[in-house]
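> Here's the letter readout for the chains.
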Amino acid sequence: MFKSTKFRIATKYALSLVVGTILALFLLIGNDIENMELFINIQNFLFNHTIYVYFLSAALFLLPSTILYFAGKKAYLKMLLDEDDLDIDQKKKAGYLDTSMTVLGVFNVINFMQYGVLYHKTTENPTTILILFMLGILFTAVLQVSIVKFIQKNDQRLKGDPTKVTFNKDFIQSMDEAEQLKVFKSAYKSLQLLKTITLFLIVISIFMNIVAETGGFAIVISCIFMIAQLLSFTYYEKRTI
Amino acid sequence: MGLSNTLKVQRAILGINQSELSNLVGVSRQTISLIERGDYNPSITLVLKLTKVFGVTTEELFHYEEDN
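Chains A and B are the protein sequences, given in the same order. The opening residue of the first sequence carries number 1 in UniProt numbering; numbering runs sequentially from there. The opening residue of the second sequence carries number 1 in UniProt numbering; numbering runs sequentially from there.
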């Protein structure tokens, strides 16, 4: 057993050495990347067309989430009225509501990212951009609350007010055992995936700092996030029976 | 083989659908469907609730077979 473990450790270290050497050579040879101009041009383009970026992201995220919301509601009601055993296809369609929630959540993050990254001293219409940003948040919130209220109306077991801070705790506690298990399993799997993604982000931000002098802030934030993930898991593991 | 059950049969005997059974034991309809398909093993609490609803013993409702 230990032989294969040692072999895997040795292989991973050797692979990391090779990748690191290639990256280091790349940095030594191409420190002055001419293509950085391309990134600067893209950035300037986005600064000058911020409003269009907002409308594009709204079309890409808010429109599908709204369509999924109405389709999901229809399928959910049909599933409730059907007295036969649950049809897998019906169940998948009713899951459109979950997908709509996810898309809205992603849009919310992108909305904040757009505002934070694209807001610039030379922005032509700062008020319009602020209004679009706030409208995006409002739309997302209204649709998310509507989805939760709709599900709660049709399933009286599920509790929690989506406008309250304790919503997540109340909602999960009101779920049945199978639903809770599904949530906990998914949460654990996503934690493991997040650890890998965060490590990747740390490496990328270090690389970008060396190559493009983007600053150490992104590195610090990524590292703090990773530490928070590790500590929070240990903390809750010790508290949970 | 694992855990198998006669939930569907018992439902048919009692003349109730998944939705009605889920309301009686306080779980979602999806959970009843998962149990019937063998995709979820219920807790002892839920098993006892189900046996009470059907008026049968645990062994009549759930059957465990060792994997060879």
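No wet-lab data here; the hints were simulated from the structure. In this text the structure is predicted, and so the values were computed from the model without any measurement. Treat the hints loosely; a few may be bogus.
Claimed, not checked - Derived DEER-like restraints, expressed as beta-carbon distance ranges:
#1 A:81 to B:44: 29 to 35 Å
#2 B:48 to A:146: 55 to 61 Å
#3 A:109 to B:56: 27 to 33 Å
#4 B:43 to A:238: 50 to 56 Å
#5 B:48 to A:204: 34 to 40 Å
#6 A:48 to B:43: 55 to 61 Å
#7 A:67 to B:44: 51 to 57 Å
#8 B:43 to A:146: 29 to 35 Å
#9 B:52 to A:64: 44 to 50 Å
#10 A:23 to B:48: 38 to 44 Å
#11 B:37 to A:229: 31 to 37 Å
#12 A:228 to B:39: 54 to 60 Å
#13 B:8 to A:67: 31 to 37 Å
Stated by the list, open to error - Below, a list of computed lysine-lysine pairs in the DSS-like style, where the Cα atoms sit at most 25 Å apart:
#14 A:195 to A:91
#15 A:93 to A:164
#16 A:182 to B:8
#17 A:93 to B:8
#18 A:93 to A:149
#19 A:153 to A:164
#20 A:91 to B:8
#21 A:182 to A:78
#22 A:91 to A:149
#23 A:78 to B:8
#24 A:74 to A:185
#25 A:159 to A:78
#26 A:91 to A:73
#27 A:153 to A:74
#28 A:159 to B:8
#29 A:195 to A:185
#30 A:182 to A:195
#31 B:49 to A:182
#32 A:153 to A:93
#33 B:8 to A:92
Cβ coordinates follow ideal geometry from the N, Cα and C atoms, glycine included.
> For each hint, tell me whether it holds in the structure or not.
Hints and how they fare:
1. Judged by the Cβ atoms, the range 29 to 35 Å given for residue 81 of chain A and residue 44 of chain B holds: they are separated by roughly 33 Å.
2. In this structure the hint that residue 48 of chain B and residue 146 of chain A lie 55 to 61 Å apart at CB is violated, the actual value being about 38 Å.
3. About 50 Å separates the C-beta atoms of residue 109 of chain A and residue 56 of chain B, a value inconsistent with the hinted range of 27 to 33 Å.
4. Distance hint check: the CB atoms of residue 43 of chain B and residue 238 of chain A are about 24 Å apart, inconsistent with the given range 50 to 56 Å.
5. Taken as a hint, the range 34 to 40 Å is violated for the pair residue 48 of chain B and residue 204 of chain A, whose Cβ atoms sit roughly 53 Å apart.
6. For residue 48 of chain A paired with residue 43 of chain B, a C-beta distance near 59 Å keeps the hint of 55 to 61 Å intact.
7. Checking the proposed 51 to 57 Å range against residue 67 of chain A and residue 44 of chain B shows it is violated: the Cβ atoms sit about 43 Å from each other.
8. Our hint of 29 to 35 Å for residue 43 of chain B and residue 146 of chain A holds, since their Cβ atoms are close to 33 Å apart.
9. For the hinted restraint 44 to 50 Å between residue 52 of chain B and residue 64 of chain A, the CB-CB distance of approximately 45 Å keeps it satisfied.
10. At about 60 Å, the CB distance of residue 23 of chain A to residue 48 of chain B disagrees with the hint of 38 to 44 Å.
11. With their beta carbons about 34 Å apart, residue 37 of chain B and residue 229 of chain A fall inside the hinted range of 31 to 37 Å.
12. Remark: the range hint 54 to 60 Å for residue 228 of chain A to residue 39 of chain B is contradicted by a beta-carbon distance near 34 Å.
13. Between residue 8 of chain B and residue 67 of chain A the CB atoms are about 36 Å apart, so this pair conforms to the stated range of 31 to 37 Å.
14. Restraint check: the Cα-Cα separation between residue 195 of chain A and residue 91 of chain A comes to about 31 Å, which exceeds 25 Å; the hinted pair is violated.
15. With a CA separation close to 29 Å, the supplied pair residue 93 of chain A and residue 164 of chain A exceeds the 25 Å bound.
16. A threshold of 25 Å between alpha carbons decides the hint, and for residue 182 of chain A with residue 8 of chain B the separation of about 23 Å falls inside it, so the pair holds.
17. The suggested pairing of residue 93 of chain A with residue 8 of chain B holds, with an alpha-carbon distance near 24 Å, which does not exceed 25 Å.
18. Among the hinted pairs, residue 93 of chain A with residue 149 of chain A is consistent with the structure: their alpha-carbon atoms are about 18 Å apart, no more than 25 Å.
19. The suggested pairing of residue 153 of chain A with residue 164 of chain A holds, with an alpha-carbon distance near 17 Å, which does not exceed 25 Å.
20. Restraint check for residue 91 of chain A and residue 8 of chain B: the C-alpha separation of about 19 Å stays at or below 25 Å, so the hint holds.
21. A threshold of 25 Å between alpha carbons decides the hint, and for residue 182 of chain A with residue 78 of chain A the separation of about 23 Å falls inside it, so the pair holds.
22. Between residue 91 of chain A and residue 149 of chain A the CA atoms are separated by roughly 19 Å; this keeps the pair inside 25 Å, and the hint holds.
23. A threshold of 25 Å between alpha carbons decides the hint, and for residue 78 of chain A with residue 8 of chain B the separation of about 22 Å falls inside it, so the pair holds.
24. A threshold of 25 Å between alpha carbons decides the hint, and for residue 74 of chain A with residue 185 of chain A the separation of about 28 Å lies outside it, so the pair is violated.
25. At roughly 22 Å between alpha-carbon atoms, residue 159 of chain A and residue 78 of chain A fall within 25 Å of each other, so this suggested pair holds.
26. As the CA atoms of residue 91 of chain A and residue 73 of chain A are separated by approximately 12 Å, the hinted pair is consistent with the 25 Å bound.
27. About 14 Å separates the Cα atoms of residue 153 of chain A and residue 74 of chain A, which keeps this hinted pair within 25 Å; it holds.
28. Restraint check for residue 159 of chain A and residue 8 of chain B: not satisfied, since their Cα atoms lie roughly 29 Å apart, outside the 25 Å limit.
29. Taking the CA atoms of residue 195 of chain A and residue 185 of chain A, the gap is about 16 Å. The hint holds against a cut of 25 Å.
30. Of the pairs offered as hints, the one joining residue 182 of chain A and residue 195 of chain A holds, with about 20 Å between alpha carbons and a cut-off of 25 Å not exceeded.
31. Between residue 49 of chain B and residue 182 of chain A, the direct Cα distance comes to roughly 21 Å. Compliance with the 25 Å bound is thereby established for this hinted pair.
32. Distance check on the hinted pair: residue 153 of chain A and residue 93 of chain A sit about 19 Å apart at the alpha-carbon level, within 25 Å; holds.
33. Only pairs whose Cα atoms come within 25 Å are accepted, and residue 8 of chain B paired with residue 92 of chain A is accepted, the gap being roughly 22 Å.
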